[in-house]
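There are 2 protein chains.
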Amino acid sequence: MLRPMGKPPSKKIEFHPIGIVHSPFTSLDGMPIQPKGGAAAEGFVEVLAEYQAGLKDLDGFSHVILLYHFHQVSRVELAVRPFLDEEPRGIFATRAPTRPNPIGLSVVRLVRIEGRRVYLENIDILDGTPLLDIKPYVPQFDRPEDVRVGWLSGKTDQIGTKESDARFK
Amino acid sequence: MLRPMGKPPSKKIEFHPIGIVHSPFTSLDGMPIQPKGGAAAEGFVEVLAEYQAGLKDLDGFSHVILLYHFHQVSRVELAVRPFLDEEPRGIFATRAPTRPNPIGLSVVRLVRIEGRRVYLENIDILDGTPLLDIKPYVPQFDRPEDVRVGWLSGKTDQIGTKESDARFK
Numbered sequence: 090m091l092r093p094m095g096k097p098p099s100k101k102i103e104f105h106p107i108g109i110v111h112s113p114f115t116s117l118d119g120m121p122i123q124p125k126g127g128a129a130a131e132g133f134v135e136v137l138a139e140y141q142a143g144l145k146d147l148d149g150f151s152h153v154i155l156l157y158h159f160h161q162v163s164r165v166e167l168a169v170r171p172f173l174d175e176e177p178r179g180i181f182a183t184r185a186p187t188r189p190n191p192i193g194l195s196v197v198r199l200v201r202i203e204g205r206r207v208y209l210e211n212i213d214i215l216d217g218t219p220l221l222d223i224k225p226y227v228p229q230f231d232r233p234e235d236v237r238v239g240w241l242s243g244k245t246d247q248i249g250t251k252e253s254d255a256r257f258k
Numbered sequence: 090m091l092r093p094m095g096k097p098p099s100k101k102i103e104f105h106p107i108g109i110v111h112s113p114f115t116s117l118d119g120m121p122i123q124p125k126g127g128a129a130a131e132g133f134v135e136v137l138a139e140y141q142a143g144l145k146d147l148d149g150f151s152h153v154i155l156l157y158h159f160h161q162v163s164r165v166e167l168a169v170r171p172f173l174d175e176e177p178r179g180i181f182a183t184r185a186p187t188r189p190n191p192i193g194l195s196v197v198r199l200v201r202i203e204g205r206r207v208y209l210e211n212i213d214i215l216d217g218t219p220l221l222d223i224k225p226y227v228p229q230f231d232r233p234e235d236v237r238v239g240w241l242s243g244k245t246d247q248i249g250t251k252e253s254d255a256r257f258k
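Top line first, the protein sequences correspond to chains W and Z. Residue numbers for the first sequence follow our numbering, beginning at 90 and rising by one. Residue numbers for the second sequence follow our numbering, beginning at 90 and rising by one.
The hints are simulated quantities; they were obtained by calculation from the structure and are not laboratory data. Just so you know, not all the hints are guaranteed correct.
Identical copies carry no separate label here, and so any pair may be met within one copy or between two of them.
Each computed DSS-like pair below joins lysine-lysine, with the alpha-carbon atoms no more than 27 angstroms apart [to be verified]:
| id | residue 1 | residue 2 |
| --- | --- | --- |
| 1 | 258 | 244 |
| 2 | 258 | 101 |
| 3 | 244 | 145 |
What you are looking at is a predicted structure, and each value in this text was computed from that prediction instead of being measured.
Model the full assembly from the supplied sequences, consistent with the hints where possible.
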């Protein structure tokens, strides 16, 4: 049942942007490193006209999960030095963008929807980022209990003040 | 700055599986519809040998976010009747798989890591599903407060008993 070592499973998977992220952050330098760091930052995602019907009923939710393409990242690093640590960590134990599949994930507050635009608070995403998906945030699905955070223990209080730099560009 | 209506942004985005999901669920019929529904289900993801180094330090985390390809879904529906409701809802207000980019997301408990295998509890993913990413679950990033869940209000208590069927195949 298992694939032979090193043999990649079948084929590539193709996605297309469903829209674009609009934010105040036009450079990786100085960006918040997570939504909590960008408390003041408002922005919006605009979906393509062909997908607008898919936004129906989303306005009843207070928070959404955005998936997007880290489009300015051009390399993969399996060990990274994250913003919140000095030690190199395995890429899957971090949220750094130099992942084998550079997909970003942010949980953000939904402010309102106007036509094809979904206005958001606490956005931590580069302006012009291609949007891949919007999902409703549902505590019963997405909020586990008794959580441990490994190497991040005691470090997340720096989120509000740490800023991004160009290390992952 | 905004794209003309209906003009898709630039190009397609290509990803590759980083591994495969192994679970007891070999058919969409009878699967749990979310991790909470599959409390008894254990499984594992196996990453490709070339990505094993990226798992370093992940074992300190109690929960991970899995992103994967809904590979058995072959169509897009912008309005769907979800498992937990009778009304058609906009696809981006649901977690249904018939999304423009069929990317699935599950928050699951990490049990242990052995080599290239990450053993997981409460898995709600079809056996053989291509894995796209593993991210550590971090409450400070991923757990918003004062959450409202729109059309799902009062319906999520059925999660533990509702099962999947073939409607999204």
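Do the hints match the structure? See the list:
1. 258 - 244: within (23 angstroms within a copy, 43 angstroms between copies)
2. 258 - 101: both (24 angstroms within a copy, 21 angstroms between copies)
3. 244 - 145: Result: close only across copies, 18 angstroms inter versus 39 angstroms intra.
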